[in-house]
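There are 2 protein chains.
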Amino acid sequence: MTMADIPIITTVADLRVLRHQYARRNESVGFIPTMGYLHEGHLSLINQSLLSNDHTIVSIFVNPSQFAPGEDLDTYPRDLDHDVKVITEFVAAKFQGSSDKKVDAIFHPTVLQMYPSGFSMERSQQRGAFVEVLGVSEPLEGKTRPSFFRGVSTVVAKLLNATNPTVAYFGQKDIQQTVVLKTMVRDLLMDIELEIVPTVRNSSGLALSSRNAYLSPEILSQVTCIFRSMNTAYGKYSKSGVRDVSDLTETVSAEIRSTNANFKVDYISFNDPETLDYLTTIDPKKGAILSLAVYVPNSTETNETKTTRLIDNMIFNPVA
Amino acid sequence: MTMADIPIITTVADLRVLRHQYARRNESVGFIPTMGYLHEGHLSLINQSLLSNDHTIVSIFVNPSQFAPGEDLDTYPRDLDHDVKVITEFVAAKFQGSSDKKVDAIFHPTVLQMYPSGFSMERSQQRGAFVEVLGVSEPLEGKTRPSFFRGVSTVVAKLLNATNPTVAYFGQKDIQQTVVLKTMVRDLLMDIELEIVPTVRNSSGLALSSRNAYLSPEILSQVTCIFRSMNTAYGKYSKSGVRDVSDLTETVSAEIRSTNANFKVDYISFNDPETLDYLTTIDPKKGAILSLAVYVPNSTETNETKTTRLIDNMIFNPVA
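Line by line, the protein sequences give chains X and E. Going by the working numbering, the first residue of the first sequence is number 937, and it counts up by one from there. Going by the working numbering, the first residue of the second sequence is number 937, and it counts up by one from there.
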């Protein structure tokens, strides 16, 4: 077997065989659930798992239940060979010579493996078990995509049960997802630790995203204002004791607007870190999550009509 | 420790400590989830578990989410001492002298342990994770109690995750519950076996139920017609090749009516064993579930006004 060979497991039954082997030897398993088309964000999760566990399993499954009818389920990029290559090259470059640092398996199931009752995009036609996380699924991104988090919760519950990892890794970039899934794991009494890995940023602080590829060099340099604006607000909160959300929101908004008047804020929001309730004042004993979405033009050309929606967030830790 | 001492575990954390001990030794665990007030039906489940597993855990938890507002959540009988005594006496009588046959623990959690996001009877106020099993939760008992199976699925998912049994035991008496939970375990890819234990009946075939205590001796003797009528229909299906559901339904109905004209059939229904879809013809390759509910007067006295609702069911196995 060459270094390039990562076993591809396609059935839950085969995954369990592997998992039971590890369990009998009391070995820990890190798990990274993905929809494939892996980029540096995923690699930072894989890296964390490799550093902390005896074994690492990555799943690649484009989950139909988190897409709404009319969304891009059919055109979502799928390229297993590319993903295997990305993982293999990353592990070789990062852990060269250390033969025990490897991704032990890629779990790449069919829709029917994951949805034994079958799956329909039409909600009234759906059959079988679904998991909903009431409350935290509803604000922010849940407002515009009402069944998105139901799909995410359902598929992650299935993947966690099938893989039974010691630790599962998620990126802070999708912060509402991390809150929804932490609530799910806590409420369903799952015996699994979730680890949230900080957002990967470039040297200017821009959060990595495949959508950054749409942006011209000037815009790419300008959108670093997003991270800077959140840092400015964080400084006001942690050093100057500002607690008022409209004050902090204006700080973020002003810095973005002053960079480029064509940057259009979709939302800037401060929410309770556990319940995601919208805040008007930050309780310094609890802290807050600042999250935002901004539409930016793809270039600075005066006739540019295309825009890209960027999201980012920052955790305002308790300071009291 | 005397034989009467069954450890009572009240937190998920303590349950996990015990469970991890067993896991490290690769020992099997049988689990019987109950709402307490144990009777012979529960004891038959405990008996099965004791015969087949290294360890047996019983949970006693009156689950609020399966009650509708206005139902008997507050008055539901709770008597932990009674339950411990019932288990202890049963095990002593059944397995006297065999010291390894014992219930290892009773898991008796608080509502907050089971619902870490808190629990509200008001659906719009509910927060946190809930499990729904679409399709099979909807017909039969689900028609009259629309959120009952959502509550059952949710609490059983939690209990299975907290206990992580090798096998969990459920009674066939609540047959729709067994179909809903089998679908849930399959769909959520839980690595747990569900075993369905046949309904416990008296020597005349009457299914044991605490509600039988409401019935006078004459009625008690007459209601044995329920089991007989199902057997008659099963004979027509398996021996005479009858597949027509209205024919089989009339067989059951006629035998019940002819026994006592005051027995009022609530429903007699034949459903697909997997999907619980209502059938008009039985496919002998798939079989069917016959289930019924009948209101019977509590006595034969002419001025009797009180009635009791009895339920029962029979699995019509595939015969082709």
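Derived by calculation from the structure, the hints in this document are not laboratory data. Hints are not guaranteed to be accurate.
Stretch by stretch, here's where chain E covers chain X in the computed footprint (C-beta under 8 Å, at least three residues) [stated by the list, open to error]: (1) 971-985; (2) 1067-1074.
A few chain E residues facing chain X, derived, Cβ under 7 Å [to be verified]: (3) Gln-1062; (4) Leu-1070; (5) Arg-1122; (6) Leu-1124; (7) Ile-1128.
For every residue, glycine included, the Cβ atom is placed at its ideal position computed from N, Cα and C.
Holds or violated: is there a CB of chain X closer than 7 Å to the CB of Gln-1062 of chain E? 5 Å, holds
Agreement of hint Ile-1128 of chain E with chain X interface, Cβ distance less than 7 Å: The hint is violated - Ile-1128 of chain E has no Cβ within 7 Å of chain X, the shortest such distance being about 9 Å.
A closest beta-carbon separation below 7 Å is what the hint needs, so does Arg-1122 of chain E meet it against chain X? At about 5 Å, which falls below the 7 Å cut-off, the nearest Cβ of chain X leaves the hint on Arg-1122 of chain E intact, so it holds.
Per-residue hint verdict: Leu-1124 of chain E, partner chain X, C-beta under 7 Å: Because about 5 Å separates Leu-1124 of chain E from the closest Cβ in chain X, which is inside the 7 Å limit, the hint holds.
Min Cβ distance, Leu-1070 of chain E to chain X: is it shorter than 7 Å? 5 Å, holds
With a C-beta cutoff of 8 Å, work out whether three or more residues of the segment 1067-1074 of chain X approach chain E closely enough for the coverage to hold. As far as the segment 1067-1074 of chain X goes, the hint holds, because 6 residues have Cβ atoms under 8 Å from chain E.
Given coverage of the segment 971-985 of chain X by chain E, tested with a Cβ cutoff of 8 Å and a minimum of 3 residues: Coverage by chain E is violated for the segment 971-985 of chain X (0 residues, Cβ < 8 Å).
Checked against the numbered hints given earlier, this structure breaks hints 1, 7; the rest are met.
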